[in-house]
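The residues making up each chain are set out below.
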Amino acid sequence: MLGVIVSFISCKAQTFPLNTLMDDIPQNAYVKDFNNELRPYIGIYKAVHDGNEITLYITKEENKLTKRANKQFYRDALVVKYIVKNSAGVVLQDTYNFNNPNIRFYSIGTTPLKNRVDFIYSGTNCNVGWGDIYLSKINATQISWDYRPDSMLTDKCPPGTDINIYLPVVDNLIFTKQ
Amino acid sequence: MLETVFNFLDLFVDKFLNQSILRFNKLGSAMITGGENSVNLGDKMGYQGGYHNHTPTGIKIFAPEDIESLLEFSIYQGSGGHNSVFLGMIGSDVCSSCPGGYKYYHYLIRYTGDYAPLNQLVNYPSWDIQVLVDTYRERHKNIKGDSEHYDYQLETLSNKGLEKLFFDTIKDMGLENKISLQRVDESGTAPNTTYTVQNITLNADNKLVAIPCP
Chain Y
385 MLGVIVSFIS CKAQTFPLNT LMDDIPQNAY VKDFNNELRP YIGIYKAVHD GNEITLYITK
445 EENKLTKRAN KQFYRDALVV KYIVKNSAGV VLQDTYNFNN PNIRFYSIGT TPLKNRVDFI
505 YSGTNCNVGW GDIYLSKINA TQISWDYRPD SMLTDKCPPG TDINIYLPVV DNLIFTKQ
Chain E
5 MLETVFNFLD LFVDKFLNQS ILRFNKLGSA MITGGENSVN LGDKMGYQGG YHNHTPTGIK
65 IFAPEDIESL LEFSIYQGSG GHNSVFLGMI GSDVCSSCPG GYKYYHYLIR YTGDYAPLNQ
125 LVNYPSWDIQ VLVDTYRERH KNIKGDSEHY DYQLETLSNK GLEKLFFDTI KDMGLENKIS
185 LQRVDESGTA PNTTYTVQNI TLNADNKLVA IPCP
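If you read the sequences in order, they're chains Y and E.
If you're matching positions, the first sequence starts at 385 in our numbering and goes up one per residue.
If you're matching positions, the second sequence starts at 5 in our numbering and goes up one per residue.
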């Protein structure tokens with residue numbers, strides 16, 4: 385019986401705080417949001433930029449499988465799906481109703497000094513627009529958006545693919561909770 | 005070789021730096037103008053490499069896809085020519101205390117390994133590129149928190165930070181000691197700019213070392 389208990393304890397994943405450096409996270413460990421830093425961001429938020437309406441659907445996923453070069457682990461993360469419509473109400477991009485596993489938008493930690501959650505965005509089709517997105521809590525109903533897209537070579541992208549970036553490439557855009 | 009690079013660069017730097025439009029110039033071809041944040045290089049066969057810019061919001065060092073492109077240019081040169089291929093990257097940040105108002109980032113990479121492994125590296129890579137790019141982005145965030153590798157004035161990775169990110173990335177790809185990195189430092193302002201090329205390596209203690217080219 386004791387052997388079973390010892391075995392159970394030793395097999396339990398080690399748990400680490402949310403902002404543990406990636407290189408310090410062991411294989412299969414659990415990176416937990418001990419202080420509930422992610423919870424205030426959960427919800428539906430809207431903003432209008434250049435005539436487009438952007439709706440963010442932010443949920444919290446506990447124990448999200450996170451794959452990195454040479455290892456994997458689990459982490460509490462915010463996951464963002466979105467719908468972008470133009471001024472006529474035409475949907476330009478919708479990852480909320482139409483899941484595209486190649487479009488990833490999820491948090492990798494926080495920057496407490498800036499009251500901010502830091503996200504990885506894979507970019508749109510063919511990873512165009514991949515980059516960092518930062519969401520900062522302003523008050524109970526507003527968050528500020530900063531998007532820092534990187535460069536991408538698209539020679540492997542199938543011809544005719546829509547590689548327009550529909551998320552707003554802008555800093556300090558205010559989203560309001562619905 | 006270096007002279008060719010600089011002639012090529014003169015065409016590129018003055019016109020296209022500090023813009024969000026991405027461009028790529030292959031040696032011997034016309035400038036390829038892409039869109040905001042993306043560019044299609046087209047056929048790599050027969051080209052000895054090329055230069056591209058990283059846009060102002062982007063990370064000013066080679067990303068995993070850039071390294072994949074270098075490997076493709078290299079394999080298409082055939083055995084014997086594969087080590088002469090280069091890929092260049094330039095970028096800039098607004099910098100009020102820098103000459104001309106910008107800090108420039110200018111790097112070159114070359115594949116220095118044997119020809120035989122290129123087939124597997126290009127056609128059957130051991131890595132998942134989506135995993136690699138997410139690893140790269142998280143490394144970027146982690147390195148930003150390290151004062152040794154962060155430029156507090158510009159609020160971005162310093163040259164040392166960018167170089168650490170590069171070496172960490174090629175390690176993730178299993179390409180340690182198979183890709184060389186050079187940094188081109190600039191002094192003066194156009195048209196009297198002078199360039200100094202530094203070979204960037206890791207020493208036995210895993211510390212970055214910059215050695216000027218003879």
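Where hints are given, some of them may not hold.
[Stated by the list, open to error] Reference listing, derived: stretches of chain Y covered by chain E, where coverage requires no fewer than 3 residues with Cβ under 8 Å from a Cβ of chain E:
# : segment
1 : 437–445
2 : 470–477
[Unchecked claim] Listed next, the in silico DSS-like pairs over lysine-lysine satisfying Cα-Cα at most 30 Å (straight line):
#  : chain 1 : residue 1 : chain 2 : residue 2
3  : Y       : 521       : E       : 145
4  : E       : 145       : Y       : 430
5  : Y       : 455       : E       : 175
6  : Y       : 451       : E       : 182
7  : E       : 48        : Y       : 498
8  : Y       : 498       : E       : 182
9  : E       : 211       : Y       : 540
10 : E       : 182       : Y       : 416
11 : E       : 182       : Y       : 521
12 : Y       : 448       : E       : 182
13 : Y       : 416       : E       : 175
Everything labelled a hint here was simulated from the structure, so no lab data went into it.
The beta carbon of each residue, even a glycine, is placed where N, CA and C say it ideally should be.
Results for each hint:
Taking a C-beta to C-beta cut-off of 8 Å, the segment 437–445 of chain Y contributes 0 residues in contact with chain E, too few for the three needed, and the coverage statement is violated. For the segment 470–477 of chain Y, the stated coverage by chain E is violated: 0 residues have a C-beta nearer than 8 Å to a C-beta of that chain, whereas at least 3 were required. At most 30 Å may separate the alpha-carbon atoms for a hinted pair to count; residue 521 of chain Y and residue 145 of chain E meet this at roughly 19 Å. Only pairs whose Cα atoms come within 30 Å are accepted, and residue 145 of chain E paired with residue 430 of chain Y is accepted, the gap being roughly 27 Å.
Distance hint between residue 455 of chain Y and residue 175 of chain E is fulfilled; the C-alpha atoms sit about 14 Å from each other, no more than 30 Å. Using a Cα cut-off of 30 Å, the hinted pair residue 451 of chain Y and residue 182 of chain E holds, with the two alpha carbons roughly 25 Å apart. Between residue 48 of chain E and residue 498 of chain Y the CA atoms are separated by roughly 44 Å; this puts the pair beyond 30 Å, and the hint is violated. Proximity of residue 498 of chain Y to residue 182 of chain E is assessed by CA-CA distance (about 39 Å); at most 30 Å being required, the pair is judged violated.
Between residue 211 of chain E and residue 540 of chain Y the alpha-carbon distance is near 35 Å, which puts this suggested pair outside the 30 Å criterion. Restraint check for residue 182 of chain E and residue 416 of chain Y: the C-alpha separation of about 37 Å exceeds 30 Å, so the hint is violated. This hinted pair does not check out: residue 182 of chain E and residue 521 of chain Y have alpha carbons roughly 44 Å apart, beyond 30 Å. At roughly 34 Å between alpha-carbon atoms, residue 448 of chain Y and residue 182 of chain E are farther apart than 30 Å, so this suggested pair is violated.
The straight-line distance between the Cα atoms of residue 416 of chain Y and residue 175 of chain E is roughly 28 Å, inside the 30 Å bound, and the hint therefore holds.
Checked against the numbered hints given earlier, this structure breaks hints 1, 2, 7, 8, 9, 10, 11 and 12; the rest are met.
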